[in-house]
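A.B. asks: So you can see what is in the structure, the chains are spelled out below.
There are 2 protein chains.
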Amino acid sequence: MPREILLNAFHMNTVDHQAFGLWRHPRNRTRDYNKLASWTELARILERGLFDGLFLADVLGIYDVYGGSPDAALKHAVQVPVNDPMLLIPAMAAVTEHLCFGVTGTLSFEPPYTFARRMSTLDHLSEGRIAWNIVTGYLGSAALGMGLDALAAHDRRYDMAEDYMAAVYKLWEGSWEDGAVRRDAEARVFTDPAKVHAVRHDGEFYKLDAIHLCEPSPQRTPVLYQAGSSGRGRGFAAAHAECVFVAGTTPRVLQPTVADIRRRAVEQGRRADDIAIFAVATLIIGRDEAEARAKLADCLAYGDHDAALTQLSGSTGIDFAAMALDDVLQHVRTEAQQSAVDGLTIADPDRQWTVRELAEHHVLGGRGPLLVGTPESVADGLETWMDETGIDGFNLAHVLSPESFADVADLLVPELQRRGRYKTAYRAGSYRRKLFGRDRLAPPHPATGVRWG
Amino acid sequence: MPREILLNAFHMNTVDHQAFGLWRHPRNRTRDYNKLASWTELARILERGLFDGLFLADVLGIYDVYGGSPDAALKHAVQVPVNDPMLLIPAMAAVTEHLCFGVTGTLSFEPPYTFARRMSTLDHLSEGRIAWNIVTGYLGSAALGMGLDALAAHDRRYDMAEDYMAAVYKLWEGSWEDGAVRRDAEARVFTDPAKVHAVRHDGEFYKLDAIHLCEPSPQRTPVLYQAGSSGRGRGFAAAHAECVFVAGTTPRVLQPTVADIRRRAVEQGRRADDIAIFAVATLIIGRDEAEARAKLADCLAYGDHDAALTQLSGSTGIDFAAMALDDVLQHVRTEAQQSAVDGLTIADPDRQWTVRELAEHHVLGGRGPLLVGTPESVADGLETWMDETGIDGFNLAHVLSPESFADVADLLVPELQRRGRYKTAYRAGSYRRKLFGRDRLAPPHPATGVRWG
Chain A
1 MPREILLNAF HMNTVDHQAF GLWRHPRNRT RDYNKLASWT ELARILERGL FDGLFLADVL
61 GIYDVYGGSP DAALKHAVQV PVNDPMLLIP AMAAVTEHLC FGVTGTLSFE PPYTFARRMS
121 TLDHLSEGRI AWNIVTGYLG SAALGMGLDA LAAHDRRYDM AEDYMAAVYK LWEGSWEDGA
181 VRRDAEARVF TDPAKVHAVR HDGEFYKLDA IHLCEPSPQR TPVLYQAGSS GRGRGFAAAH
241 AECVFVAGTT PRVLQPTVAD IRRRAVEQGR RADDIAIFAV ATLIIGRDEA EARAKLADCL
301 AYGDHDAALT QLSGSTGIDF AAMALDDVLQ HVRTEAQQSA VDGLTIADPD RQWTVRELAE
361 HHVLGGRGPL LVGTPESVAD GLETWMDETG IDGFNLAHVL SPESFADVAD LLVPELQRRG
421 RYKTAYRAGS YRRKLFGRDR LAPPHPATGV RWG
Chain B
454 MPREILLNAF HMNTVDHQAF GLWRHPRNRT RDYNKLASWT ELARILERGL FDGLFLADVL
514 GIYDVYGGSP DAALKHAVQV PVNDPMLLIP AMAAVTEHLC FGVTGTLSFE PPYTFARRMS
574 TLDHLSEGRI AWNIVTGYLG SAALGMGLDA LAAHDRRYDM AEDYMAAVYK LWEGSWEDGA
634 VRRDAEARVF TDPAKVHAVR HDGEFYKLDA IHLCEPSPQR TPVLYQAGSS GRGRGFAAAH
694 AECVFVAGTT PRVLQPTVAD IRRRAVEQGR RADDIAIFAV ATLIIGRDEA EARAKLADCL
754 AYGDHDAALT QLSGSTGIDF AAMALDDVLQ HVRTEAQQSA VDGLTIADPD RQWTVRELAE
814 HHVLGGRGPL LVGTPESVAD GLETWMDETG IDGFNLAHVL SPESFADVAD LLVPELQRRG
874 RYKTAYRAGS YRRKLFGRDR LAPPHPATGV RWG
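As given, the protein sequences belong to chains A and B, one line each in that order.
Using the working numbering, read the first sequence as starting at 1 and increasing by one per residue.
Using the working numbering, read the second sequence as starting at 454 and increasing by one per residue.
Hints in this document: simulated from the structure, not taken from any laboratory.
Ideal Cβ positions, reconstructed from N, Cα and C, are used throughout, including at glycine.
Treat the hints loosely; a few may be bogus.
Stated by the list, open to error - Coverage of chain A stretches by chain B, computed from C-beta distances (three or more under 8 Å per stretch; other residues unrestricted):
| # | segment |
| --- | --- |
| 1 | 91-97 |
| 2 | 203-209 |
| 3 | 277-291 |
| 4 | 314-321 |
| 5 | 373-380 |
Make a model of the complete structure from these sequences and hints.
C.D. replies: And the structure:
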């Protein structure tokens, strides 16, 4: 029996997320990113399409590598201005019943005590529909914003992340025992104090001696996402993540990454399918091939290569403005840029990318594939990706929002359902129950080691 | 012409805010504090009653002075569990058009860079209906939660607050010039980079070198609330606050505080009425006197004196569990407790309070008056407070939520309107425009000194 495909919508509380220059398209509503109605409308469309989740990216800081200044990012609205993503969720949760929400939270910049409260609050308000995408931050401009001299080095950030996770697990799982909250009006006991504990953490980076401020939420620890592509990142994901977000331009590029993440999870004593892996993809769907091609041409006319390279420069540390468009990437990157390039589009052993080709590829959808066609041909493409890579589903970026998602809901989903590749109704319960059949993390996940009793 | 009375609802993302033990009352829905629907319902009731704002208190930490442990706070749900207040606002903003939201934010515990983004995001999403209640935190348990050895001393916290304000003003007012955001699709310019500036701050406590991540929101700097009752607190309020939250058991106790705040504002070059002053009050309203008295008796039957004293112990640092109920407060407090006691209920020169009397007073509504009666007699009472103290309005606490607020909307507001003491429709525009007739802060407010051009 073919496996069901999981679908997330990939979005960001900003103007142009991964379709660079498209803010200028008259049908694109991302210019209304700062209006609540645009998000509640999006949430309703996603729930109509039985999307599993809305995955909200976030980047603290501004892309200032391209041309050595933030000017291009500002001019083209390349992920700036960027508002806080968490604050979108309560309004969207209020107008949906099943849609789940993954939100990116940069752990380097908020203490575990208050961050854990925010996530518990979201998990309560959404009745268990919350995931946290664990990121350590990667822009130097954010470090300066936070009053630091520079960002901690890559491996150091993962040391901090391990310490941070140990602290938040204690708050979420180890402070309030099951049964602590009695809400017993007759006995005049809301909470049994004997079952609530101050948790202590004395790590290299984070310290804590406190009772978690929130009563246990449906999932306690939110569903954990991670997207690290480095070896250290994959090791972190194998230990902690329940969902992993990956990117590759072809199935052949991506397959070894997927296999490596599952192998590492098994090494940690987890099952290979304890992790759901999502690949980024961008879809342009037409009722027939001609309509799809016309949509593509229309969107490409608004695409902006400078904007695409601005984002790529920021995320890799390579100033593409200083290179010629015909330069071949693999020839010019320095040793120091090697790790930034790993896992990006250009780490494709089958292809030598020029800067121009990179811009052309990146402009609509960023690091993943762009599939253009009828519902049937796009469904074929997704099935191929599923079967050749071993992923569980897709983070679907948009070229136009909410139109790209409405097309998925109305055109693609019925086709996937006909093929037995997509659910016909939501499963009941929390995000974790929908994905894995249980509300709480299970051993040997490290979060479970700090529980009482 | 009599002045219009401003009304805020006073609430908290917790079980029992200021009506201690009342979570057990069958008609009280505060037990559903963790459900979105209870907040969207409340917001609709408040807008029906033309409430100016919903003021959300917050306390990071747990009251652990009473009996030397957090047990009483947990057992009686005295402001614990307590969820994050900010995350309630987007859902309530989505179902209202005019209701404004004041949210408490503890500046000691979040860097200016990310906090400024959260507030700008809320100001965008609510279309300018946001206020920030500036607090420095006062519970030692929160400091331990944040990995600190202890809370900074009182005056030191105000030094930090001054430094913090300077930093967030730069982000909100000094980073993006007016006109920086062009959204000009034809010219391919979203933002004019020449009009966006990295702001630098190098204070004793906070450092910053960054472009604010958000484009200007309707108010830029949110409406600023403050509630400090110490001399230092009042000085801070006189310089920064647009709204001040005060408390006193009688008009005679409160009047000098109100006069002092206005005098200090004038000393700072501001006008006395540049600050709107709100006193806490709790109302129990019946269609006739007998109904009001019956409601009072019913609520008092659920009131819990231990719970009231638990909160008072936490907020003053005095362990009332170690005292006899007949002890007179003024006789037992130590020098060190003097400043904690200043501004609280018990700082009433006309009255010597025993611990029992304090509990009896505090159990329904905390530090302000409890007015019980018909719409006419309660309106009389509010008018007396307005006229004898010089305040601008009230932060109305609840004994039952949302019932207490529905009573105000349906019984009291029509009476106040008949007297010309309450608006009959909302004014258009942002929170600041509704209160002061302008969207942006005006000189000589210190936030205005960092603007461009």
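A.B. asks: Looking at the structure, which of the earlier hints fail to hold?
C.D. replies: Hints 3, 4 and 5 are the ones this structure does not satisfy, whereas the remaining hints hold.
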